[in-house]
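Trainee: Chains as they are written, first to last, in our numbering: chain A, 5 to 156; chain B, 5 to 156.
No lab work stands behind these hints: they were computed from the structure.
Watch out, some of these pointers could steer you wrong.
Copies of the same chain are indistinguishable here, so a pair counts whether it falls within one copy or spans any two.
Said to hold, decoys possible - Below, simulated DSS-like cross-link-like pairs (lysine-lysine); rule was C-alpha separation at most 27 Å, straight line:
id, residue 1, residue 2
1, 126, 29
2, 126, 154
3, 116, 131
4, 153, 29
5, 116, 154
6, 12, 29
7, 154, 13
8, 29, 71
9, 39, 131
10, 142, 12
11, 116, 42
12, 126, 103
13, 39, 151
14, 13, 142
15, 131, 13
16, 29, 142
17, 29, 151
18, 116, 142
19, 103, 151
20, 131, 71
21, 154, 39
2 protein chains.
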Amino acid sequence: MPTEEEHKKFLQMAIDESRFSIEHKSSPFGAVIVKDGKLISKAHNSVVFSNDATAHAEVNAIRMAGKVLHTFDLTGCILYSSCEPCPMCLNAAKWANIKEVYFAADRDDADKIGFRDLVFYKGGDIKVKHISLIEADKVMQEWYHSKDKKPY
Amino acid sequence: MPTEEEHKKFLQMAIDESRFSIEHKSSPFGAVIVKDGKLISKAHNSVVFSNDATAHAEVNAIRMAGKVLHTFDLTGCILYSSCEPCPMCLNAAKWANIKEVYFAADRDDADKIGFRDLVFYKGGDIKVKHISLIEADKVMQEWYHSKDKKPY
Numbered sequence: 005m006p007t008e009e010e011h012k013k014f015l016q017m018a019i020d021e022s023r024f025s026i027e028h029k030s031s032p033f034g035a036v037i038v039k040d041g042k043l044i045s046k047a048h049n050s051v052v053f054s055n056d057a058t059a060h061a062e063v064n065a066i067r068m069a070g071k072v073l074h075t076f077d078l079t080g081c082i083l084y085s086s087c088e089p090c091p092m093c094l095n096a097a098k099w100a101n102i103k104e105v106y107f108a109a110d111r112d113d114a115d116k117i118g119f120r121d122l123v124f125y126k127g128g129d130i131k132v133k134h135i136s137l138i139e140a141d142k143v144m145q146e147w148y149h150s151k152d153k154k155p156y
Numbered sequence: 005m006p007t008e009e010e011h012k013k014f015l016q017m018a019i020d021e022s023r024f025s026i027e028h029k030s031s032p033f034g035a036v037i038v039k040d041g042k043l044i045s046k047a048h049n050s051v052v053f054s055n056d057a058t059a060h061a062e063v064n065a066i067r068m069a070g071k072v073l074h075t076f077d078l079t080g081c082i083l084y085s086s087c088e089p090c091p092m093c094l095n096a097a098k099w100a101n102i103k104e105v106y107f108a109a110d111r112d113d114a115d116k117i118g119f120r121d122l123v124f125y126k127g128g129d130i131k132v133k134h135i136s137l138i139e140a141d142k143v144m145q146e147w148y149h150s151k152d153k154k155p156y
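Whole structure, please, built from the sequences with the hints as guidance.
Mentor: Next up, the structure:
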């Protein structure tokens, strides 16, 4: 178990990455991923420059860790973020089997500089509609009963 | 405004993509993005083969649409998914300014074949801890007051 000091050290690396990000005219967020006390990946937000709405610091760090470890399964990894992960990033961490997340600034700080994390945590403005087409579930069932399936 | 028949046509394309996915031994999910009645991108889940926990069909389609349209801002786009978007994908759509989402199978169908969408919608098992380090917000404020900032 890392000590509070170790958590702060890695959080500081995430903050350093957020500084690197604004020095390169990108958004002010950084994240690092650590396993067994070792740095696996560090990344900053690149939404604007990569034309990718999903390229938050945490998502970028998760993608990079997957490449480094040659698996999508980041069990045993800890995510450190300069700012509280938005719901997209938090759920990305869950899918990656990350069980621990530490952050320095929070969703209110993000809100104050114009990011919509707080809004999205409350729901946000999006219309989501179910149009039942049975074939979708048929494909899913076919996969479920196939020997090729790789569940996660 | 697209008609119900048009919505079904694009949903069917997303389902076709989910079938393509299982035929290539990937997970049973597909998504397409449409703007002004025109297909912008289509993608399937590639988590296992790309070692990327974030590579759900919807995220892949959003990334691809960003490349096609040369912007992270997918205002005016509609997302169609073979299965109800998980919280990660739903929030990815919000960040991309997508205002309409249609899906065919739902989170219960995903649950039945072993995917954790339903669990994550309820919260999931993850420890998230705030360790306040003032420098994180300092970087964010610096960005906010710089002329280089590109808000979104």
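Trainee: Each hint needs a verdict: does it hold in this structure or not?
Mentor: Hints, verified against the model:
| no. | hint | in the structure |
| --- | --- | --- |
| 1 | 126 with 29 | neither (29 Å within a copy, 37 Å between copies) |
| 2 | 126 with 154 | between (34 Å within a copy, 24 Å between copies) |
| 3 | 116 with 131 | both (26 Å within a copy, 25 Å between copies) |
| 4 | 153 with 29 | between (43 Å within a copy, 7 Å between copies) |
| 5 | 116 with 154 | between (42 Å within a copy, 15 Å between copies) |
| 6 | 12 with 29 | within (26 Å within a copy, 42 Å between copies) |
| 7 | 154 with 13 | neither (36 Å within a copy, 29 Å between copies) |
| 8 | 29 with 71 | both (26 Å within a copy, 20 Å between copies) |
| 9 | 39 with 131 | between (39 Å within a copy, 16 Å between copies) |
| 10 | 142 with 12 | between (48 Å within a copy, 16 Å between copies) |
| 11 | 116 with 42 | neither (33 Å within a copy, 37 Å between copies) |
| 12 | 126 with 103 | both (23 Å within a copy, 16 Å between copies) |
| 13 | 39 with 151 | neither (32 Å within a copy, 37 Å between copies) |
| 14 | 13 with 142 | between (49 Å within a copy, 17 Å between copies) |
| 15 | 131 with 13 | between (41 Å within a copy, 19 Å between copies) |
| 16 | 29 with 142 | between (47 Å within a copy, 16 Å between copies) |
| 17 | 29 with 151 | between (48 Å within a copy, 10 Å between copies) |
| 18 | 116 with 142 | between (46 Å within a copy, 12 Å between copies) |
| 19 | 103 with 151 | neither (29 Å within a copy, 38 Å between copies) |
| 20 | 131 with 71 | between (34 Å within a copy, 24 Å between copies) |
| 21 | 154 with 39 | within (24 Å within a copy, 33 Å between copies) |
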